[in-house]
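*Asks:* Residue strings, one per chain:
2 protein chains.
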Amino acid sequence: MTTTQDPWFSRLAERAQAGPSELSAVLALAASGGDLVDFSGGFPDPGLFDTQLLAQTSAKVIETRPEVALQYASNLGLPGLREALREDVARTQGVTPAEDELIVDSGGVDGLTMISKAMLDVGDGVLVEAPSYLGAFSVFRTHEGVCLSMRNDEHGLIPESVIEVVEDAQVRSITPKLVYVIPDFQNPSGLRLSEERRIRLVEICRRLGLLIVEDVAYRDLAFDGSYTRSLYELGPDVTVQLGTFSKTFTPGTRLGWACGPATVIDAMAQAKTNTDQCAGALGQCILEAMIREGHYVAALPRLRAGYAERARALLSALDAELAGGATWTVPEGGFFTWLDVPDVDTRALAAVAVDAGVAFVPGAPFFADPVSSPNLRLSFSRTSPDRMAEGVRRLARAIDRFRQR
Amino acid sequence: MTTTQDPWFSRLAERAQAGPSELSAVLALAASGGDLVDFSGGFPDPGLFDTQLLAQTSAKVIETRPEVALQYASNLGLPGLREALREDVARTQGVTPAEDELIVDSGGVDGLTMISKAMLDVGDGVLVEAPSYLGAFSVFRTHEGVCLSMRNDEHGLIPESVIEVVEDAQVRSITPKLVYVIPDFQNPSGLRLSEERRIRLVEICRRLGLLIVEDVAYRDLAFDGSYTRSLYELGPDVTVQLGTFSKTFTPGTRLGWACGPATVIDAMAQAKTNTDQCAGALGQCILEAMIREGHYVAALPRLRAGYAERARALLSALDAELAGGATWTVPEGGFFTWLDVPDVDTRALAAVAVDAGVAFVPGAPFFADPVSSPNLRLSFSRTSPDRMAEGVRRLARAIDRFRQR
Numbered sequence: 001m002t003t004t005q006d007p008w009f010s011r012l013a014e015r016a017q018a019g020p021s022e023l024s025a026v027l028a029l030a031a032s033g034g035d036l037v038d039f040s041g042g043f044p045d046p047g048l049f050d051t052q053l054l055a056q057t058s059a060k061v062i063e064t065r066p067e068v069a070l071q072y073a074s075n076l077g078l079p080g081l082r083e084a085l086r087e088d089v090a091r092t093q094g095v096t097p098a099e100d101e102l103i104v105d106s107g108g109v110d111g112l113t114m115i116s117k118a119m120l121d122v123g124d125g126v127l128v129e130a131p132s133y134l135g136a137f138s139v140f141r142t143h144e145g146v147c148l149s150m151r152n153d154e155h156g157l158i159p160e161s162v163i164e165v166v167e168d169a170q171v172r173s174i175t176p177k178l179v180y181v182i183p184d185f186q187n188p189s190g191l192r193l194s195e196e197r198r199i200r201l202v203e204i205c206r207r208l209g210l211l212i213v214e215d216v217a218y219r220d221l222a223f224d225g226s227y228t229r230s231l232y233e234l235g236p237d238v239t240v241q242l243g244t245f246s247k248t249f250t251p252g253t254r255l256g257w258a259c260g261p262a263t264v265i266d267a268m269a270q271a272k273t274n275t276d277q278c279a280g281a282l283g284q285c286i287l288e289a290m291i292r293e294g295h296y297v298a299a300l301p302r303l304r305a306g307y308a309e310r311a312r313a314l315l316s317a318l319d320a321e322l323a324g325g326a327t328w329t330v331p332e333g334g335f336f337t338w339l340d341v342p343d344v345d346t347r348a349l350a351a352v353a354v355d356a357g358v359a360f361v362p363g364a365p366f367f368a369d370p371v372s373s374p375n376l377r378l379s380f381s382r383t384s385p386d387r388m389a390e391g392v393r394r395l396a397r398a399i400d401r402f403r404q405r
Numbered sequence: 001m002t003t004t005q006d007p008w009f010s011r012l013a014e015r016a017q018a019g020p021s022e023l024s025a026v027l028a029l030a031a032s033g034g035d036l037v038d039f040s041g042g043f044p045d046p047g048l049f050d051t052q053l054l055a056q057t058s059a060k061v062i063e064t065r066p067e068v069a070l071q072y073a074s075n076l077g078l079p080g081l082r083e084a085l086r087e088d089v090a091r092t093q094g095v096t097p098a099e100d101e102l103i104v105d106s107g108g109v110d111g112l113t114m115i116s117k118a119m120l121d122v123g124d125g126v127l128v129e130a131p132s133y134l135g136a137f138s139v140f141r142t143h144e145g146v147c148l149s150m151r152n153d154e155h156g157l158i159p160e161s162v163i164e165v166v167e168d169a170q171v172r173s174i175t176p177k178l179v180y181v182i183p184d185f186q187n188p189s190g191l192r193l194s195e196e197r198r199i200r201l202v203e204i205c206r207r208l209g210l211l212i213v214e215d216v217a218y219r220d221l222a223f224d225g226s227y228t229r230s231l232y233e234l235g236p237d238v239t240v241q242l243g244t245f246s247k248t249f250t251p252g253t254r255l256g257w258a259c260g261p262a263t264v265i266d267a268m269a270q271a272k273t274n275t276d277q278c279a280g281a282l283g284q285c286i287l288e289a290m291i292r293e294g295h296y297v298a299a300l301p302r303l304r305a306g307y308a309e310r311a312r313a314l315l316s317a318l319d320a321e322l323a324g325g326a327t328w329t330v331p332e333g334g335f336f337t338w339l340d341v342p343d344v345d346t347r348a349l350a351a352v353a354v355d356a357g358v359a360f361v362p363g364a365p366f367f368a369d370p371v372s373s374p375n376l377r378l379s380f381s382r383t384s385p386d387r388m389a390e391g392v393r394r395l396a397r398a399i400d401r402f403r404q405r
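Residue numbers (the UniProt record's numbering), protein chains in the order written: chain A, 1 to 405; chain B, 1 to 405.
Since the hints were derived computationally from the structure, they do not count as laboratory data. Hints may contain errors.
Since copy identity is lost for identical chains, a pair holds within one copy or between any two.
[Claimed, not checked] DMTMM-like, lysine to aspartate or glutamate: derived pairs with alpha carbons at most 25 Å apart:
#1 Lys60 with Glu293
#2 Lys60 with Glu83
#3 Lys60 with Asp369
#4 Lys60 with Glu203
#5 Lys60 with Glu87
#6 Lys60 with Asp50
#7 Lys60 with Glu390
#8 Lys60 with Glu309
#9 Lys60 with Asp88
Could you put together the complete structure from these sequences and hints?
*Replies:* And the structure:
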């Protein structure tokens with residue numbers, strides 16, 4: 001095992017001596033296996049993907065386009081896929097990115113890496129929701145950015161809190177650069193931000209010269225297939241939208257996209273070259289074929305129904321087992337619900353819960369500022385509906401045991 | 001088009017305002033197409049891959065292992081592939097990395113990103129060969145590292161120059177951390193470093209507490225299948241070895257590996273989580289199957305023969321067209337030969353050459369210190385043997401034209 005006594009330890013970069021991120025801990029937890037009912041990672045369920053179609057398409061693109069699928073791609077992505085994605089943004093959001101306004105990347109975390117490299121100098125500020133995706137904090141901080149918490153209420157982000165945070169940052173000589181928001185079925189809260197708040201957020205950011213980073217990881221997964229107008233649609237001049245195909249296509253090929261102002265996309269493309277050169281061409285060819293042949297869109301109803309069924313099963317188990325002992329959000333899409341368990345430090349609870357056979361991610365790491373949080377995130381995305389009740393029973397037992405200590 | 005007048009330009013990170021890297025320019029050149037004979041990028045020839053076998057294997061792993069191939073992988077890589085790679089290192093290098101001493105990454109540039117994040121604080125020094133791989137300079141600099149040039153001669157790196165550079169760095173208050181070396185069929189020189197120099201290099205780095213970053217991108221591609229003992233084999237205590245599957249398997253799945261001291265690999269794994277989370281599981285499953293079934297090793301002789309044939313064709317064209325006007329290295333493996341064209345600034349020549357229908361990468365960007373270089377790199381890897389003579393004729397014509405200006 002690695003120890004701080006190792007001669008190389010003192011030679012590591014300072015950031016590396018800080019130890020593993022919270023996200024690593026989550027992934028390790030998820031991998032521990034056993035009889036655990038695992039509500040931890042934001043993982044899709046591969047059982048909802050059309051395995052046979054993907055196998056056929058994969059073989060087909062290798063056989064018919066080997067000179068593309070088995071070669072390096074441009075740092076911007078394959079032209080055909082980029083065109084398909086621009087058309088898709090136009091179709092679902094009513095804004096058509098120009099050719100130099102969209103890039104293919106290697107998924108959500110890669111997109112965050114690109115935007116960080118493009119925009120952040122040492123000590124620059126990134127406004128983040130409280131709570132928000134913990135992996136994003138890690139990326140911003142790895143690039144020497146400072147995370148500044150905005151305020152959320154039971155409906156999600158409060159747009160006006162941007163103004164307060166910017167004023168406070170100026171006092172601290174921090175240059176605020178980015179506003180990171182997950183408006184659809186947010187990670188971790190599960191909430192969808194109203195159109196009215198989105199409009200106000202865009203106006204405020206436009207006025208203050210801030211770039212919105214809109215993470216739309218769960219946007220296609222409203223249980224009823226509905227869409228709220230995106231921040232990119234409302235403010236394409238002040239928004240870089242980051243999408244991922246890890247939830248709706250597969251995480252196995254590491255693919256996502258970013259669209260936004262050409263100057264920023266160009267800087268992200270440079271960053272791509274210096275990070276991993278390009279996204280994988282094989283995956284890009286498979287995805288392009290799936291989109292062009294209509295399979296990508298055709299698969300969405302099955303995915304939505306699958307996750308809706310899981311959400312229903314989880315929520316009714318929570319009603320049965322935890323009413324009175326906790327409250328939770330009722331998601332209309334995505335992978336998550338967010339619990340409030342009064343008077344319980346959920347970081348301490350997590351260890352008790354694993355012993356009881358259930359895993360979740362405690363709330364604290366979803367806040368950029370250190371807190372002792374009574375919240376926890378349950379992901380229902382890859383737990384089969386018939387395991388939900390057992391998982392929630394174990395959670396209720398763990399909470400009881402914890403409160404009796 | 002992007003302009004510096006754009007309102008977002010002044011908000012970009014300083015590094016992004018510097019404009020595109022030399023590597024971007026190379027990739028753009030390679031993509032320009034037309035009747036060009038393209039000696040520019042270090043691209044493999046997909047025509048040498050077994051397309052049908054890859055198509056079958058891809059379909060097979062999706063059908064038989066969807067819960068792995070279509071899911072997120074651990075940041076360390078899939079356990080089965082890691083085991084196969086550890087066995088492969090043991091078989092070809094006689095050193096067996098422990099379980100926590102090897103990680104799967106997304107290829108060479110990703111490996112460089114990981115080691116930079118793991119090791120470099122702002123202003124730390126990275127010793128590099130002169131010349132060396134220009135993409136590596138970009139990565140080190142993106143992570144605020146300072147590239148310090150060692151000295152090379154006609155046999156490659158001079159190990160003793162490490163000592164001079166370290167002394168000079170200390171005078172400049174730079175902390176030297178890494179020594180980046182490509183010992184096999186180097187990019188761009190095509191040279192293979194002798195075992196004797198490797199031994200001296202390891203001894204010096206061990207004595208000075210420097211971590212060697214050994215890039216073995218072309219190691220498996222000696223035309224005669226021979227191997228010189230690796231730096232990792234000679235000094236596993238002071239070496240992180242970076243491998244890529246982009247040359248011998250396919251760049252289309254973005255896969256490589258790193259092995260070295262556990263403390264450093266652990267820090268690289270943390271960095272992986274914060275960069276793109278994990279390497280693609282689909283590609284990992286395909287590669288694991290190809291290795292386990294013996295296809296990966298079985299394919300190497302065909303690749304070696306293919307590139308050897310191209311090298312022979314290029315070298316005999318050079319003999320026929322450029323003897324007297326230039327000198328060049330005679331590679332025993334890999335993708336490159338390195339020309340010296342006396343009294344010619346090859347950066348200026350490059351534009352003339354593209355007009356004449358031939359592309360190469362000029363020498364200057366392969367040096368970390370700004371130089372006007374009479375060198376240029378020819379990559380023979382994806383030019384068909386029967387196009388070599390025409391390409392070199394065009395090059396000779398461009399040189400003549402340039403000298404007559």
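*Asks:* Now, for every hint given, state plainly whether the structure supports it.
*Replies:* Taking the hints in turn, this is what the structure says about them:
1. Lys60 with Glu293: The answer is both: 13 Å in one copy and 22 Å across copies each meet 25 Å.
2. Lys60 with Glu83: within (21 Å within a copy, 30 Å between copies)
3. Lys60 with Asp369: Neither, since 49 Å and 47 Å both go past 25 Å.
4. Lys60 with Glu203: Classified as neither; 47 Å inside a copy, 51 Å across copies.
5. Lys60 with Glu87: within (23 Å within a copy, 32 Å between copies)
6. Lys60 with Asp50: both (15 Å within a copy, 14 Å between copies)
7. Lys60 with Glu390: The answer is neither: 42 Å in one copy and 35 Å across copies each exceed 25 Å.
8. Lys60 with Glu309: neither (33 Å within a copy, 30 Å between copies)
9. Lys60 with Asp88: within (23 Å within a copy, 30 Å between copies)
Comparing the model with each numbered hint stated earlier shows that hints 3, 4, 7, 8 do not hold.
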